[in-house]
Amino acid sequence: EAQVTQNPRYLITVTGKKLTVTCSQNMNHEYMSWYRQDPGLGLRQIYYSMNVEVTDKGDVPEGYKVSRKEKRNFPLILESPSPNQTSLYFCASRTTNSNSPLHFGNGTRLTVT
Amino acid sequence: TQLLEQSPQFLSIQEGENLTVYCNSSSVFSSLQWYRQEPGEGPVLLVTVVTGGEVKKLKRLTFQFGDARKDSSLHITAAQPGDTGLYLCAGAKGSNYKLTFGKGTLLTVNP
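If you're matching them up, the sequences are chains C and P in order. Heads up, the first sequence stops at 147 in this note's numbering, and the numbers go up one at a time, no gaps. Heads up, the second sequence stops at 119 in this note's numbering, and the numbers go up one at a time, no gaps.
Among the hints, erroneous ones may be present.
Listed next, the in silico EDC-like pairs over lysine to aspartate or glutamate satisfying Cα-Cα at most 20 Å (straight line) [stated by the list, open to error]:
1. Lys106/P x Glu87/C
2. Lys105/C x Asp90/C
3. Lys99/C x Glu64/C
4. Lys67/P x Asp91/P
5. Lys101/P x Asp93/C
6. Lys65/P x Asp75/P
7. Lys65/P x Asp79/P
8. Lys106/P x Asp90/C
9. Lys52/C x Glu64/C
10. Lys65/P x Asp91/P
11. Lys78/P x Glu13/P
12. Lys106/P x Asp93/C
13. Lys101/P x Asp75/P
14. Lys78/P x Glu46/P
15. Lys105/C x Glu87/C
16. Lys101/P x Glu13/P
17. Lys101/P x Glu62/P
18. Lys91/C x Glu64/C
19. Lys101/P x Asp79/P
20. Lys51/C x Glu87/C
21. Lys106/P x Glu113/C
22. Lys101/P x Glu64/C
23. Lys106/P x Glu96/C
24. Lys101/P x Asp90/C
Everything labelled a hint here was simulated from the structure, so no lab data went into it.
Let the hints inform the model, and build the full structure from the sequences given.
Here it is as structure tokens:
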């Protein structure tokens, strides 16, 4: 089954404790992206990657890192999480055609206390 | 600045009613997509429109892309409780990889 898999689904952590949210897709998509979704603010792009070893900042990259060492994986790293990073995070992938659908994972709900 | 404005933000209707939600912008998009998101899940693509004036139908859902490719609408006929969800529009510009999302319309259809 074609899918984007994020882990974990839920994560509660404390300020400053480094964490990684994993994302993997099995559709051989070149393009992958991370979004955060907050009430009243909608979906905002954090980082995206057009292919292996190619990453770029989205609209809200501060406090986040990503890497794209393999085509299928695109982990999101929070080196020193802060409470304002409490949010619902989505990973998504698609082909290089900008009209093609974005396939989303089921989300990771992160709480930073 | 929000490039894509969706309205209304919230909509609560009774089963069987018709409704229209809107996605407006001052920018021109090469294509526009509509997604539906249900609680606990990621958004799922409903349709992509690419030609100005294009109308696409998906069962009881009718999507329209404005002639100037700056706006779009989603009309649902005889809404059902299963239509409940967050409807998001997203626009793409040319070969730019960035997809800009609106804030969404949260639809509740009461039985």
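A quick look at each hint next to the structure:
1. Proximity of Lys106/P to Glu87/C is assessed by CA-CA distance (about 18 Å); at most 20 Å being required, the pair is judged to hold.
2. Taking the CA atoms of Lys105/C and Asp90/C, the gap is about 15 Å. The hint holds against a cut of 20 Å.
3. About 19 Å separates the Cα atoms of Lys99/C and Glu64/C, which keeps this hinted pair within 20 Å; it holds.
4. At most 20 Å may separate the alpha-carbon atoms for a hinted pair to count; Lys67/P and Asp91/P meet this at roughly 12 Å.
5. With a C-alpha separation of about 16 Å, the suggested pair Lys101/P and Asp93/C falls inside the 20 Å cut-off, and the hint holds.
6. Our distance criterion of 20 Å between C-alpha atoms is met by Lys65/P and Asp75/P, whose separation comes to about 17 Å.
7. With a C-alpha separation of about 17 Å, the suggested pair Lys65/P and Asp79/P falls inside the 20 Å cut-off, and the hint holds.
8. Restraint check: the Cα-Cα separation between Lys106/P and Asp90/C comes to about 11 Å, which is no more than 20 Å; the hinted pair holds.
9. Annotation: proposed proximity of Lys52/C to Glu64/C is violated, straight-line Cα distance about 27 Å (limit 20 Å).
10. About 15 Å separates the Cα atoms of Lys65/P and Asp91/P, which keeps this hinted pair within 20 Å; it holds.
11. A distance of roughly 11 Å separates the Cα atoms of Lys78/P and Glu13/P; the hinted pair therefore holds under the 20 Å criterion.
12. Taken as a hint, the Lys106/P and Asp93/C pair is honoured in the structure, with Cα atoms around 10 Å apart against an allowance of 20 Å.
13. Distance hint between Lys101/P and Asp75/P is fulfilled; the C-alpha atoms sit about 16 Å from each other, no more than 20 Å.
14. Pair hint Lys78/P plus Glu46/P does not hold up; C-alpha atoms about 26 Å apart against a cutoff of 20 Å.
15. Distance hint between Lys105/C and Glu87/C is fulfilled; the C-alpha atoms sit about 9 Å from each other, no more than 20 Å.
16. For the hint pairing Lys101/P with Glu13/P, the CA-to-CA distance comes to about 16 Å; that is within 20 Å, so the pair holds.
17. For the hint pairing Lys101/P with Glu62/P, the CA-to-CA distance comes to about 17 Å; that is within 20 Å, so the pair holds.
18. Distance hint between Lys91/C and Glu64/C is fulfilled; the C-alpha atoms sit about 16 Å from each other, no more than 20 Å.
19. The suggested pairing of Lys101/P with Asp79/P holds, with an alpha-carbon distance near 13 Å, which does not exceed 20 Å.
20. Distance check on the hinted pair: Lys51/C and Glu87/C sit about 26 Å apart at the alpha-carbon level, beyond 20 Å; violated.
21. As the CA atoms of Lys106/P and Glu113/C are separated by approximately 25 Å, the hinted pair breaks the 20 Å bound.
22. Taking the CA atoms of Lys101/P and Glu64/C, the gap is near 18 Å; set against the 20 Å cutoff, the hint holds.
23. Pair hint Lys106/P plus Glu96/C holds up; C-alpha atoms about 18 Å apart against a cutoff of 20 Å.
24. In summary, the hint linking Lys101/P to Asp90/C is supported, as the alpha carbons are separated by about 17 Å, within the 20 Å threshold.
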